[in-house]
Amino acid sequence: VRRVGRLFRGRFWALALKELRQIRRDRRLTISLIVPPMLQILLFGVALDPDVRDLRLAVVDESRTPESRELISALTENRTFRLAGSYETTEALAVALGSGRLDVGVVVPYDFARLRVRGRPVTVQVLVNAVNANTAQIAQGYVESAIAWLNQRPDRARARADAATAASVSANGHPAAPVARAPRVQLRTALLYNPGLVSAWFTVTGVLGTLITLNGSLVSAATMIREKERGTVEQLLMTPASALEVVSAKIVPLFVLLMGMTGLALIVSRLVFGVPFRGSLTVVVMACACCVLAGIGIGTFVSTFARSANQAQLVMFFINPPLAALSGAFTPIEAMPKWIQPWTQVNPVTHFAAVARNVLVKGAGLGIVYPDLLALTALAGLLVAVSAWRFRRQLSA
Amino acid sequence: VRRVLAQARKDLTQMIRDRLALALALVMPIILIALLGTSTSLTVTDIPIVIQDLDQTPLSRQYADAFRSSLTFRVVSLPTDMSPERALALGRARAALVIPEHFARDVRRERSAQTQLIVDATDTNTALLTRGGASQITRAFARDVAGAVRPAVLVRTSTRLWFNPGREPGKFYGPGFFVLALSIFPPLLAALAMAREGEQQTILQVYVSSISAPEFLLGKILCGMVVGFAEWLLAMALLFTLFGLRFAGDPTPMLVGSLLYLFCAVAFGSLVGAAIPNQAAAVQAVALGGFLLGFLLSGLIFPVENIPASLRWISNLVQARYFIVVVRDAFLQGGGWPAVWWAVLAIGLIGLAYFGFAWLAMRRMQVRA
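Those protein sequence lines, which keep their order, are chains S and C.
Take 1 as the starting number for the first sequence in our numbering and just add one per residue.
Take 1 as the starting number for the second sequence in our numbering and just add one per residue.
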């Protein structure tokens, strides 16, 4: 306790003040604390939209009857598909699909109306451009549910079909069964937490953690390496300050600045993207603090290995994309290969995204998010401890 | 031409001397493509789902079994003292299926029986997939139950998935990250080489020599393209082996497009390096420009059409957007020249524009020096 008390006396403040002044004078650093993070959160939130809509659908209508036109309008009635033209032959459709001008093609057979009226099953061919697996799956689902809806609707063709069966059955002397009937099993879907399916709520809460960690590590690597580049490490060694004081005096001002940046990012996500802040803000801020510390830890760690700011930045360049991509912030972890999944657990961004989504979107309390928060704290503590140890060794070397 | 080649050779020698950068430049694209290309996927299989069966009849169990046997879902047991909502809040499952009481009775009386699916919509895309999968299963189940009584009058669909019949995400994202790697690493090296000339003031030596500005630039770009081509070869080998991709049609648009793209990317890097004669800052600018634009505004993960119209026009200026079209066409659709000539042309035009701007930036650098 006495050592900690001594730590926070005069020398620490003097060093911390020196760091703050140095950061403030570095115009580029200040800009890089504000501009890239804001740009990133805005761009990501706006551009990463997994919604599947306005897919280009074209038809080959060999039937040309009211029944076939009804089918086509049933398909293009919603936002998912828009009619991008019709073709004379299946070959022309195939060429258009192959050149990427279409996403979905539907071929209605020439005997569509006749078979419908007679109450026989009709097969409609659906060609999906499956280059994008996700879009293809969702598009296929939409086509099938649109056709299921058509099957269930007591429509004109169906009524004629019923009349036909009824006539044929009663001719045989049997009572006609009521044919047009509501489906027997219906699934009602309720979407919890995000009923409007606003994709920005998912993206922005994911970007937040990436943003904090990546920018934190970049900025801290830049400030840590400066002493080394300018050769002022020796001067630090000559001061009566202990290594611990030097390290913490370096970390604390950075921490304060980065928390300011985080606050700004939170405000943007609330005001611009309307992310609902359902749970306790304190928990989120705690997670943010851990994430900032983790970022500082990564940055400091890299800076102790690199010889110049240049090298440090190149190395960060190689650490960051995997850190962002293997976090579940943008794509679900469950969709990753099985052998990668455990590795996402040592990524601070993973846990931050879990906490942010649970608390902000789902309104969960500490009782639910504590495992992730604990993991995040442990990771941050570990990273800071290791990097501080490396930094101290570098000072005494 | 001789001066261009000499300049390129000098730059290559310089690059080979910088072992760390060279090793990183050759190895990192491969690791990036392999790691991200295989791990990026939006389509979750095995979505954890809990089933609350309030009916407990053979029919309701048959319905639940339909979910159990599907590849989309993985049924997680629900403790009896836990409500489905609680299970979702705890994150044990992504969806909950509630089968109401009298489910079997309603079905047998040919009344409509309603079941409920509660979906955790935090992840909107997975929520859509969950809803789609569950309704598919329910429709099939309803058809089976009805089919036992009498064949239904139906419009059936026979769906063909073209170009990627297995719906393998790797075949979509592999080429995507191939493009991303080629839009980051070659310009990065080019920007570093150019900024170094500015930083170490060796650019002055160039001005007093007999080499002209476009010759100097072309030499630099040629050197960058050689390194980029090495990266391209390695990355192509990866696409052919790890991702199991083959040329679907005419490979010439891809080859021409790749050369133009390398030129374009390296010219972009040289432009940044000439405009910002500071290596650290140049790296950051390439990172922000190349990575962010290439990742977000190119249709790499999500379709460009989803970007709001007010921002979408920017993506027309992003060279990666066109190259992605060319690469995906070459490997998956196989449309050849008629399908992608415009994209190849656009890459060439953007490359020329970058070259022009880099020339201008070099002139300004000269004035400053």
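Derived from the structure by calculation, the hints contain no laboratory data.
Treat the hints with caution; some may be incorrect.
[Claimed, not checked] Quick partial rundown of chain S residues pointing at chain C, CB under 7 Å, derived from the structure: (1) Thr65; (2) Val131; (3) Ala190; (4) Gly263; (5) Pro337; (6) Gln341; (7) Leu374.
[To be verified] Partial chain C-side listing against chain S, Cβ under 10 Å, derived: (8) Leu24; (9) Val44; (10) Gly170; (11) Ile307; (12) Gly356; (13) Trp359.
Just so it is clear, CB atoms sit at the ideal spot from N, CA and C, and this is done for glycine as well.
Here is what the structure says about each hint:
| no. | hint | in the structure |
| --- | --- | --- |
| 1 | Thr65 | violated, 13 Å |
| 2 | Val131 | holds, 5 Å |
| 3 | Ala190 | holds, 5 Å |
| 4 | Gly263 | violated, 22 Å |
| 5 | Pro337 | holds, 6 Å |
| 6 | Gln341 | violated, 9 Å |
| 7 | Leu374 | violated, 15 Å |
| 8 | Leu24 | holds, 6 Å |
| 9 | Val44 | holds, 5 Å |
| 10 | Gly170 | holds, 9 Å |
| 11 | Ile307 | holds, 5 Å |
| 12 | Gly356 | violated, 26 Å |
| 13 | Trp359 | violated, 26 Å |
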